[in-house]
Amino acid sequence: MALIIPSDYRLKLLPETTEVAIKLIKDTFQKHLAKALNLRRVTAPLFVLANTGINDDLSGTEKAVNFKIKAVDNKKAEVVHSLAKWKRTKLAAYGIPAGYGLYTDMNAIRADEELDNLHSLYVDQWDWEKTINPTDRNLDYLKETVRKIYGALKETEAVVYEQFPHITPTLPEEISFIHSEELVRRYPGLTPKQRENEIAREMGAVFIIGIGAELSDGKPHDMRAPDYDDWSTENEDGFKGLNGDIILWNRVLETSFELSSMGIRVDKESMLRQLELAGANDRLELQFHKALTEGKLPASIGGGIGQSRLCMYLLQKAHIGEVQASIWPEEQIEKCKSAGIFLGV
0 MALIIPSDYR
10 LKLLPETTEV
20 AIKLIKDTFQ
30 KHLAKALNLR
40 RVTAPLFVLA
50 NTGINDDLSG
60 TEKAVNFKIK
70 AVDNKKAEVV
80 HSLAKWKRTK
90 LAAYGIPAGY
100 GLYTDMNAIR
110 ADEELDNLHS
120 LYVDQWDWEK
130 TINPTDRNLD
140 YLKETVRKIY
150 GALKETEAVV
160 YEQFPHITPT
170 LPEEISFIHS
180 EELVRRYPGL
190 TPKQRENEIA
200 REMGAVFIIG
210 IGAELSDGKP
220 HDMRAPDYDD
230 WSTENEDGFK
240 GLNGDIILWN
250 RVLETSFELS
260 SMGIRVDKES
270 MLRQLELAGA
280 NDRLELQFHK
290 ALTEGKLPAS
300 IGGGIGQSRL
310 CMYLLQKAHI
320 GEVQASIWPE
330 EQIEKCKSAG
340 IFLGV
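Residue numbers for the sequence shown, in numbering that gives the first Met the number 0: 0 to 344.
If you are wondering where the hints come from, they were derived from the structure by calculation, not from laboratory data.
The calculated SDA-like cross-link candidates involving lysine to any residue, where the alpha carbons are at most 25 Å apart (straight line), are:
hint: 1; residue 1: 22; residue 2: 157
hint: 2; residue 1: 153; residue 2: 26
hint: 3; residue 1: 34; residue 2: 123
hint: 4; residue 1: 336; residue 2: 1
hint: 5; residue 1: 67; residue 2: 281
hint: 6; residue 1: 289; residue 2: 52
hint: 7; residue 1: 289; residue 2: 92
hint: 8; residue 1: 153; residue 2: 27
hint: 9; residue 1: 25; residue 2: 46
hint: 10; residue 1: 30; residue 2: 142
hint: 11; residue 1: 25; residue 2: 104
hint: 12; residue 1: 75; residue 2: 290
hint: 13; residue 1: 62; residue 2: 110
hint: 14; residue 1: 153; residue 2: 23
hint: 15; residue 1: 334; residue 2: 18
hint: 16; residue 1: 295; residue 2: 94
hint: 17; residue 1: 30; residue 2: 94
hint: 18; residue 1: 75; residue 2: 284
hint: 19; residue 1: 218; residue 2: 188
hint: 20; residue 1: 30; residue 2: 172
hint: 21; residue 1: 62; residue 2: 2
hint: 22; residue 1: 153; residue 2: 8
hint: 23; residue 1: 22; residue 2: 43
hint: 24; residue 1: 30; residue 2: 45
Computed spacing ranges between beta-carbons, pair by pair:
hint: 25; residue 1: 339; residue 2: 161; range: 22 to 28 Å
hint: 26; residue 1: 19; residue 2: 200; range: 30 to 36 Å
hint: 27; residue 1: 167; residue 2: 97; range: 36 to 42 Å
hint: 28; residue 1: 218; residue 2: 339; range: 36 to 42 Å
Yeah, the Cβ is synthetic: ideal placement off N, Cα and C, and Gly gets one too.
Working from the sequences, and respecting the hints, build out all of it.
As structure tokens, this is what we get:
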């Protein structure tokens, strides 16, 4: 999206106080998230070996930052895009039973990102994954999990307000749910981003179900890799998909604000179907995909929750660069500075 400069932006916290608030938010949210979903913290890799199928390719077009490892026969490693597949292998390795899971701090570099208010070269998020029973692969379980995450968001927002009373809460009491196909029918003629804006403005907080499958207009709401989220299984509402995005309405920027991408993960059947649809059957020879088809990985649900994005939203900042250090175009730095928006570098 294009850079947004709010016309009446007011800095609510000085940079030094913002640093204190960032720590408060991160400490508080991960504590409530872990309690709500029965998660324990683990340490995550910054990079993984290429050609194993463990790194995610997100929508399939982003290129991972890579380098050769001199000490390991010049094998190529890649900076992670996210840890969806890696986390699932750890559930198996640690023998974590159904109803319990893990979370970690994921740090990534996305060199192809278009930089604006919400997108940075540097990505920091809580990546989490939870073992489930095969019978939990349904829409009700997905919604129940979303509500628990939203409860952790609400509890964190309350702590921020208690510490900084001039930053008043904006999240609605409950999160709403809608399928991406329902959005097409509700807002015919609009683009996916425009649909998100309309529903987020109306609901305040919404979980859009079914990200990745082709809709009635012939296009997916957004792209998803074919080998982690299940976006092709028909759910109880008669639509496709057991995944989705948590979208909030950002009052500072007057736009929809994606906080989390998550979902019930593929089983063997749905992965084979999605690889076929994506023309990616060659991946079946990779380490991760072999493990799944051979029944070596548990059924799971998981996702990523943006750390800087959460801080940006709860502290009512106009740019993600106000809550993290990264690299920005000089023109963007100056344009923001003239509006009282100071980017960390």
